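So the protein sequences, as listed, match chains A and B. Mapped onto this note's numbering, the consecutive letters of the first sequence carry residue numbers 1 to 255. Mapped onto this note's numbering, the consecutive letters of the second sequence carry residue numbers 1 to 294.
The set of hints was computed from the structure by calculation and includes no laboratory data. Mixed in with the good hints, there may be bad ones.
[To be verified] Label-pair ranges, simulated between beta-carbon atoms: (1) A:K195 with B:A111: 45 to 51 Å; (2) A:H13 with B:P218: 29 to 35 Å; (3) A:A126 with B:P218: 43 to 49 Å; (4) A:Q81 with B:N127: 47 to 53 Å; (5) A:H80 with B:S205: 57 to 63 Å; (6) B:V86 with A:K89: 38 to 44 Å; (7) A:N146 with B:N127: 55 to 61 Å.
The structure presented is a predicted model; accordingly, all values stated were derived computationally and were not measured. Cβ coordinates follow ideal geometry from the N, Cα and C atoms, glycine included.
Take a look at the letters that make up each chain.
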Amino acid sequence: MAPTTLLDISEVHKFYANHHVLQGVSLQVPEGTVACLLGPSGSGKSTLLRCINHLESIDAGRITMDGTTLAYEERNGQMHQRPRAKVDKQRQDIGMVFQHFNLFPHYTVLQNITLAPSLLKKASKAKATARALELLEKVGLADKRNAYPSSLSGGQQQRVAIARALAMEPKVMLFDEPTSALDPELVGEVLKVMKDLAAGGMTMIVVTHEMSFAREVADSVVVMDGGVIIESGTPAAIFDNPQQERTRDFLRHVR
Amino acid sequence: MSNALLSDRQAALAKVNDMVATKRHPWRIVFGVLAAVVVVWGALNLWLNPALDHATIFKYLTAESILTGVKNTIVLAVISMVIGTVGGYLVAVMRLSHNPVLRAIGFGYVALIRSIPLLVLILFMGNLALFWSRVDIVNPFNQDEVWIGWGMNDLVTPFIASILALAINEAAYMGEVIRSGLRSVDQGQREAATALGLGSGHTMSKVILPQAMRVILPPAGSQFVTMIKMTSLVSVIAGGDLLTEAQNIAATNLRTLELLVIASAWYLLVTGIATIGQSILEHRLERGQRRVSI
Numbered sequence: 001m002a003p004t005t006l007l008d009i010s011e012v013h014k015f016y017a018n019h020h021v022l023q024g025v026s027l028q029v030p031e032g033t034v035a036c037l038l039g040p041s042g043s044g045k046s047t048l049l050r051c052i053n054h055l056e057s058i059d060a061g062r063i064t065m066d067g068t069t070l071a072y073e074e075r076n077g078q079m080h081q082r083p084r085a086k087v088d089k090q091r092q093d094i095g096m097v098f099q100h101f102n103l104f105p106h107y108t109v110l111q112n113i114t115l116a117p118s119l120l121k122k123a124s125k126a127k128a129t130a131r132a133l134e135l136l137e138k139v140g141l142a143d144k145r146n147a148y149p150s151s152l153s154g155g156q157q158q159r160v161a162i163a164r165a166l167a168m169e170p171k172v173m174l175f176d177e178p179t180s181a182l183d184p185e186l187v188g189e190v191l192k193v194m195k196d197l198a199a200g201g202m203t204m205i206v207v208t209h210e211m212s213f214a215r216e217v218a219d220s221v222v223v224m225d226g227g228v229i230i231e232s233g234t235p236a237a238i239f240d241n242p243q244q245e246r247t248r249d250f251l252r253h254v255r
Numbered sequence: 001m002s003n004a005l006l007s008d009r010q011a012a013l014a015k016v017n018d019m020v021a022t023k024r025h026p027w028r029i030v031f032g033v034l035a036a037v038v039v040v041w042g043a044l045n046l047w048l049n050p051a052l053d054h055a056t057i058f059k060y061l062t063a064e065s066i067l068t069g070v071k072n073t074i075v076l077a078v079i080s081m082v083i084g085t086v087g088g089y090l091v092a093v094m095r096l097s098h099n100p101v102l103r104a105i106g107f108g109y110v111a112l113i114r115s116i117p118l119l120v121l122i123l124f125m126g127n128l129a130l131f132w133s134r135v136d137i138v139n140p141f142n143q144d145e146v147w148i149g150w151g152m153n154d155l156v157t158p159f160i161a162s163i164l165a166l167a168i169n170e171a172a173y174m175g176e177v178i179r180s181g182l183r184s185v186d187q188g189q190r191e192a193a194t195a196l197g198l199g200s201g202h203t204m205s206k207v208i209l210p211q212a213m214r215v216i217l218p219p220a221g222s223q224f225v226t227m228i229k230m231t232s233l234v235s236v237i238a239g240g241d242l243l244t245e246a247q248n249i250a251a252t253n254l255r256t257l258e259l260l261v262i263a264s265a266w267y268l269l270v271t272g273i274a275t276i277g278q279s280i281l282e283h284r285l286e287r288g289q290r291r292v293s294i
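Build the full structure now, drawing on both the sequences and the hints.
As structure tokens, then:
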């Protein structure tokens, strides 16, 4: 039996002023699978990711998770933005990891991870802390629990950021170029955590330039250019037998 | 540096050639001596000036009305600062709002208040009774029936007028200070908090404001020190502050100079304490930040 679709992106359009950055993008991500978004910069892949948790608004189309429309609701035959509180509630099920980590510099590693769960899920402090320590163990940073982000390397910061997102027990994880800001020797430790996460059955959408990661971990590879998906398929199909000239062109440039 | 470390250093350096001598700083000594001479000479010259009657200074330095003035100055400054900071926060949030009407209101407030000299604002507030002699809450269906009412001079005493003027003025300046503090926090911080599902309130109180504080606090501290000194302006409407009390005494004994010295000494003490408090606060807010010295 095929896994059920967790995230369904359907005909999404997005403008920045008069610039049509997403021109009708559709993508289904089945539960427990990893989709890697590839494409040249400015192709709209990061924007698509940020539309999923409504860091960016969309102008048409819809994104549903578990059958519920995200950030918008239909009223009188038109889509209307949901109230902020409702959108925030939906965001709790969507973890996001940023290119520049965006850890909270005034909190310790542990506080970074327990902040949202203790504020939002009203988990007891002890419970949130226990869960955070578990996650830190998982990303290999248990000994850094009381450190401040500024004393960590980029790779360590990104692993904390992943733990922070996981602490909300999201249904899907969005990764926006998670290794692009890292020194080359630190990329591996972050990718390893992401591989473990994928192996554990987490549904993931990853915007990345790490072709080997995409080939090894992705269930589907999606190539975007100029605000549209130009090709998608299994890693083998995309990397070994690309159908579109633009895909071949892009792959030539990144190899 | 401990002695053990020092001797390690000496032991290591003893074995190498071309040792670099410790850098000397002769100009530090020169400037230090110059400054000391100027300060001592200036202080002695003022203190030993025959126009100054030392007995008067000591007599009134801790006089009851002077101490009342000091207390009023502190109360005025603190209350005006608290109201001004809350008002400034609202102004800052308005100026950063997505709502263009709120943005315009915030901008207009800052522009208007900053263009009115504080002294003029204080005089306006002290003379509100000339605009409206009474404040009455009347029956809207029968204007003659007054439910409750006050004479303006009973409602807005010189002390209240002083607080109003200082707070209204402060809100405009603190608005700018807080706005630049909020803007100094990286946009990624807001995005990270939002992505976790934190609402706008939590995002502001737990993520943005604590980080903005580091930028807000140093200028806010100088705003407060300035505020302490600005309270002296309310002496024009007899606001009950330190300078008002000093001038009241000077008006009877004609010892203007001595009472100004007394007032200055108290201002120095109060602002000094405020400055120390500010540096303690700043120190505490540096958690998790690398120190950078220029």
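Against the structure, the hints come out as follows:
no.	hint	verdict
1	A:K195 with B:A111: 45 to 51 Å	violated (56 Å)
2	A:H13 with B:P218: 29 to 35 Å	violated (46 Å)
3	A:A126 with B:P218: 43 to 49 Å	violated (38 Å)
4	A:Q81 with B:N127: 47 to 53 Å	holds (50 Å)
5	A:H80 with B:S205: 57 to 63 Å	violated (29 Å)
6	B:V86 with A:K89: 38 to 44 Å	violated (30 Å)
7	A:N146 with B:N127: 55 to 61 Å	holds (59 Å)
Comparing the model with each earlier hint shows violations of hints 1, 2, 3, 5, 6; every other hint is respected.
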